[in-house]
Amino acid sequence: MENKKRMVSGITATGTITLGNYIGAIKNFVELQDKFEMYIFVANLHAITSPIDKLKLKNNIKSMVALYFACGLDPKKVKIFIQSEVLEHTQLGWILTCNSTLGELNRMTQFKDKSTKVKSSNGTEFIPTGLLTYPLLMAADILLYDPDFVPVGKDQKQHIELTRNIAERMNSKYGEMFKIPGDYIAKIGSKIMDLQDPTKKMSKSSDNPKSYISLLDDLKEVEKKIKSAVTDSENIVKYDPEKKPGVSNLITIYSSIKNQTIEETESYFKDKDYGQFKNEVTKCVCDLISSIQENYNKLYDSKEVEQWLEEGANSARFIANKKLNKVMNLIGLNYKRK
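If you read the sequence shown in the numbering used here, its first letter stands for residue 47, the second for the next number, and so on.
Everything labelled a hint here was simulated from the structure, so no lab data went into it.
No residue lacks a Cβ here, since even glycine has one placed at the ideal position from N, Cα and C.
Careful, some of the hints might be misleading.
Pairwise CB distance ranges, derived in the manner of DEER restraints [stated by the list, open to error]:
1. Asn371 <-> Glu350: 30 to 36 Å
2. Glu288 <-> Ser348: 31 to 37 Å
3. Tyr381 <-> Asn217: 21 to 27 Å
Each computed EDC-like pair below joins lysine to aspartate or glutamate, with the alpha-carbon atoms no more than 20 Å apart [as the list claims (entries may be wrong)]:
4. Lys369 <-> Glu214
5. Lys372 <-> Glu134
6. Lys318 <-> Glu269
7. Lys237 <-> Glu207
8. Lys160 <-> Asp243
Modelling step: build the complete structure from the supplied sequences, incorporating the hints.
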């Protein structure tokens, strides 16, 4: 049997999986799980780069794992595990930290953005070191598994480039140790925008709960959020992200869920007004979320999920340990080995 190419990816355990996360990442995983050997992890170590309550973090992890499987990931085809259960992630992360520069990290646009938003409870601004070094742990998450491709959102491309640069630098300095990963970006739906400000990416960290849809939202709330989504005054369903970002975002959502092209969606809604358009988008999204929530409720307290996670972690550890040993040998950290 021909060996499948490998993919690896993860989502931070920050509590809410949005419709944007589903369309931009998880849906792709489900569609690709027959084609690729896939390793997907809940990135709980990345979640603590910003302050988070320990009980909330624990519950977030449990919820996210159940949602991963509820969305259609098959534990027989995909290895899912908790990032902190594979210690090699942090070990390699430190080695990569020692082979990167402060200038590289300061140039990361996500760091520049997030570092201006962190405040303590008394209003004092501070910048956690983890926000700066986040891309290095992300690079370790990737390079441990020698993936051929990394499914990544457009806003993460800079981090993937940094990963490649560090891998190439270390291969040149110490000898061949890392495969240089390619990135996979879905043609449709890789970036779903804010429902209230469609010039920004849909984010669970938004101050306005109407701006994003959670996969665990009440269906009545989902309906309200779509009905109140920003459009424009033209009343013409046409895809034009520059001039009609709100309508274009809803077209992208509908097209992605229905597995059809933007052109097919435009044609279907050609003679329909915004009211009819939003009604159909609402039904489409609610049908999807209803199905996911039904699966989620069955899986949330399931012992099977714990077993699947342990199997995934065991498989990940086997690969990660071999890679870390190779890296340590080439660098000279395993002094008893050649």
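Each hint, compared with the structure:
no. : hint                          : result
1   : Asn371 <-> Glu350: 30 to 36 Å : holds (32 Å)
2   : Glu288 <-> Ser348: 31 to 37 Å : violated (46 Å)
3   : Tyr381 <-> Asn217: 21 to 27 Å : holds (22 Å)
4   : Lys369 <-> Glu214             : holds (16 Å)
5   : Lys372 <-> Glu134             : holds (12 Å)
6   : Lys318 <-> Glu269             : holds (19 Å)
7   : Lys237 <-> Glu207             : holds (19 Å)
8   : Lys160 <-> Asp243             : holds (19 Å)
Hint compliance for this structure: hint 2 is the single one not met.
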